[in-house]
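Engineer: Residue-level listing of the chains:
2 protein chains.
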Amino acid sequence: MEPIQDKKTLLFESALELIRVHGFHGTPVSRVAREAGVAAGTVYTYFNSKDEMILELYKYVKLKVLAEVSTKDNPELPFQQRFFAFWDHLTSLYLSKPAFQSFMEQFVSSPYNTPELQQSTDLWGAWLGKFFEQGVAVGALKPLSPQILAIMVIGSVISLVRYLTYFESKTQSVKGELTQIPQMVWDGIKNH
Amino acid sequence: MEPIQDKKTLLFESALELIRVHGFHGTPVSRVAREAGVAAGTVYTYFNSKDEMILELYKYVKLKVLAEVSTKDNPELPFQQRFFAFWDHLTSLYLSKPAFQSFMEQFVSSPYNTPELQQSTDLWGAWLGKFFEQGVAVGALKPLSPQILAIMVIGSVISLVRYLTYFESKTQSVKGELTQIPQMVWDGIKNH
DNA sequence: AGCTAGTGAATGAACGTTCAATCAATTTTA
DNA sequence: TAAAATTGATTGAACGTTCATTCACTAGCT
Chain P
1 MEPIQDKKTL LFESALELIR VHGFHGTPVS RVAREAGVAA GTVYTYFNSK DEMILELYKY
61 VKLKVLAEVS TKDNPELPFQ QRFFAFWDHL TSLYLSKPAF QSFMEQFVSS PYNTPELQQS
121 TDLWGAWLGK FFEQGVAVGA LKPLSPQILA IMVIGSVISL VRYLTYFESK TQSVKGELTQ
181 IPQMVWDGIK NH
Chain B
1 MEPIQDKKTL LFESALELIR VHGFHGTPVS RVAREAGVAA GTVYTYFNSK DEMILELYKY
61 VKLKVLAEVS TKDNPELPFQ QRFFAFWDHL TSLYLSKPAF QSFMEQFVSS PYNTPELQQS
121 TDLWGAWLGK FFEQGVAVGA LKPLSPQILA IMVIGSVISL VRYLTYFESK TQSVKGELTQ
181 IPQMVWDGIK NH
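Line by line, the protein sequences are chains P and B. Quick note, in the numbering used here, the first sequence goes up one by one and the last residue is 192. Quick note, in the numbering used here, the second sequence goes up one by one and the last residue is 192.
Keep in mind the hints are simulated off the structure, nothing from the lab. Only a predicted model underlies this, so the values are computations on that prediction, with no experimental measurement involved. Positions of the beta carbon are idealized from the N, C-alpha and C atoms, including for glycine. Careful, some of the hints might be misleading.
[Unchecked claim] Pair ranges (Cβ atoms, derived):
hint: 1; chain 1: P; residue 1: Pro-115; chain 2: B; residue 2: Glu-35; range: 50 to 60 Å
hint: 2; chain 1: B; residue 1: Leu-63; chain 2: P; residue 2: Gln-81; range: 40 to 50 Å
hint: 3; chain 1: B; residue 1: Phe-167; chain 2: P; residue 2: Thr-9; range: 44 to 54 Å
hint: 4; chain 1: B; residue 1: Arg-31; chain 2: P; residue 2: His-22; range: 17 to 27 Å
hint: 5; chain 1: P; residue 1: His-22; chain 2: B; residue 2: Asn-48; range: 16 to 26 Å
hint: 6; chain 1: P; residue 1: Ala-39; chain 2: B; residue 2: Phe-167; range: 13 to 23 Å
hint: 7; chain 1: P; residue 1: Thr-45; chain 2: B; residue 2: Phe-167; range: 34 to 44 Å
hint: 8; chain 1: B; residue 1: Asn-191; chain 2: P; residue 2: Thr-45; range: 53 to 63 Å
hint: 9; chain 1: B; residue 1: Glu-52; chain 2: P; residue 2: Asp-51; range: 19 to 29 Å
[What the hints assert, rightly or not] Some chain B residues close to chain P (C-beta under 7 Å, calculated; not the full set):
hint: 10; residue: Gln-106
hint: 11; residue: Ser-109
hint: 12; residue: Leu-117
hint: 13; residue: Gln-118
hint: 14; residue: Met-152
hint: 15; residue: Ser-156
hint: 16; residue: Leu-164
hint: 17; residue: Tyr-166
hint: 18; residue: Pro-182
hint: 19; residue: Met-184
hint: 20; residue: Gly-188
Let's have the full structure, built from the sequences with the hints guiding it.
Structural biologist: What follows is the structure, given as structure tokens:
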């Protein structure tokens with residue numbers, strides 16, 4: 001059924017933007033519904049509760065990120081090139097969709113995020129794991145667990161994007177240096 | 001007046017722990033008061049509102065972190081040594097006080113955190129700036145802005161600690177590699 | 001006695017959720 | 001083919017709960 005998916009997506013997008021600006025507790029279900037152009041009660045034909053909506057929203061965003069980053073990856077290229085492309089795509093995705101970045105960050109640091117949730121099947125995590133595994137396999141990366149490598153890299157992307165978002169104005173001075181960040185990360189994880 | 005400071009601190013610690021477990025919206029003022037052993041109304045003799053309490057809590061934690069890390073720093077030592085010590089102290093502080101880490105993370109990714117707040121006088125940010133500035137000045141670090149360097153480093157610490165917190169169990173396998181993380185970060189930021 | 005700090009029941013607003021009523025579209029019937 | 005019946009999504013007012021905040025009162029100190 002298309003109408004169902006359409007309206008669900010509308011609710012997701014509405015919730016994403018509201019949560020970016022007002023946070024979880026600052027966005028009433030009624031408001032999410034209004035911005036999506038539906039009545040409050042309608043939300044409950046698509047989700048059983050506000051919490052369930054937020055959990056599904058999390059999966060929705062992770063899938064979007066995965067789709068974006070994975071389709072742009074070309075496993076034929078030398079790993080170093082793949083790494084810098086990966087960095088660029090993830091950074092510009094987050095910069096172009098600030099609500100993605102903001103929601104994901106709020107979510108993972110909130111009580112919604114539990115160890116169980118993290119360990120449940122997670123295509124994005126799996127993709128990341130494989131990506132860094134390959135880097136190790138071809139000898140481009142230090143022989144560490146893919147998880148550890150992912151920590152390093154994703155952590156830096158997140159921090160960078162937050163920095164850019166918060167200091168948009170005074171960023172001019174350091175903007176030139178920003179291209180050096182992926183280089184620094186690469187220097188840290190590359191073999192030798 | 002000591003009693004004032006004492007009770008304020010009690011409220012802070014109570015709020016920290018509750019927020020770690022239940023998040024901002026999951027911790028009613030009344031609960032914070034109860035766990036601190038005071039009545040709900042008392043909170044309002046120390047803070048004008050819940051929001052103000054949380055903002056002050058943020059400053060409280062930042063000062064604590066600053067105190068811990070700065071007193072343990074020895075500017076006489078070679079910078080590389082200072083860096084690894086800094087990393088250790090910050091990591092183990094966060095690991096020993098999970099509520100610090102959890103609260104800070106929730107706070108910075110929430111709407112409480114505004115650009116204005118970040119730019120207001122911030123001793124912890126200032127200390128970090130000076131720390132990395134010195135690293136650059138003595139030629140130990142790449143000649144980048146201290147802010148950029150701080151992003152890299154703090155981002156990695158945060159990610160690492162979150163990882164350790166969430167995957168406490170299955171961590172055994174990779175625990176040996178964890179000591180390599182500061183080394184990787186160092187390899188990324190050091191000069192040459 | 002006067003003063004301050006603390007109390008906790010009361011208040012009112014906001015919120016998540018429910019549900020009887022409505023509406024549009026589709027299917028059945030004649 | 002046209003009217004009637006059925007279906008299920010949609011609505012939004014209403015409900016009950018929770019929560020931040022207030023305030024009349026008390027306890028304890030000087």
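Engineer: Now tell me if each hint is right for this structure.
Structural biologist: Each hint tested on the structure:
Restraint check, Pro-115(P) to Glu-35(B): a C-beta distance of roughly 24 Å breaks the suggested window 50 to 60 Å. The supplied range of 40 to 50 Å is met by Leu-63(B) and Gln-81(P), whose beta-carbon atoms lie about 45 Å from each other. Judged by the Cβ atoms, the range 44 to 54 Å given for Phe-167(B) and Thr-9(P) is violated: they are separated by roughly 32 Å. In this structure the hint that Arg-31(B) and His-22(P) lie 17 to 27 Å apart at CB holds, the actual value being about 23 Å.
Roughly 21 Å separates the CB atoms of His-22(P) and Asn-48(B), a value that falls within the hinted 16 to 26 Å. In this structure the hint that Ala-39(P) and Phe-167(B) lie 13 to 23 Å apart at CB is violated, the actual value being about 42 Å. In this structure the hint that Thr-45(P) and Phe-167(B) lie 34 to 44 Å apart at CB holds, the actual value being about 37 Å. The supplied range of 53 to 63 Å is met by Asn-191(B) and Thr-45(P), whose beta-carbon atoms lie about 60 Å from each other.
The supplied range of 19 to 29 Å is met by Glu-52(B) and Asp-51(P), whose beta-carbon atoms lie about 28 Å from each other. Proximity of Gln-106(B) to chain P holds as hinted, the smallest CB-CB distance being about 5 Å (cut-off 7 Å). The beta carbon of Ser-109(B) comes within 4 Å of a beta carbon in chain P, closer than 7 Å, and the hint placing it at the interface holds. Hint status for Leu-117(B) relative to chain P: violated, with the closest Cβ pair at about 9 Å, above 7 Å.
Evaluation of the Gln-118(B) hint against chain P yields a held restraint, the C-beta minimum of about 6 Å falling below 7 Å. The restraint placing Met-152(B) at the interface with chain P holds, with a minimum CB-CB distance near 6 Å, inside the 7 Å limit. Of the supplied interface hints, the one on Ser-156(B) holds, with its beta-carbon coming within about 5 Å of a beta-carbon of chain P, less than 7 Å. Proximity of Leu-164(B) to chain P is violated relative to the hint, the smallest CB-CB distance being about 10 Å (cut-off 7 Å).
A cut of 7 Å between beta carbons decides the hint on Tyr-166(B): the least distance to chain P is about 5 Å, and the hint holds. Interface restraint check for Pro-182(B): the shortest CB-CB distance to chain P comes to about 10 Å, outside 7 Å, so the restraint is violated. The criterion of a C-beta within 7 Å of any C-beta in chain P is met by Met-184(B), whose closest approach is roughly 4 Å, and the hint holds. Given hint, Gly-188(B) at the interface with chain P, holds; its Cβ is 3 Å from that chain's nearest Cβ, closer than 7 Å.
In the structure shown, a violation is registered for the earlier hints numbered 1, 3, 6, 12, 16, 18, in ascending order.
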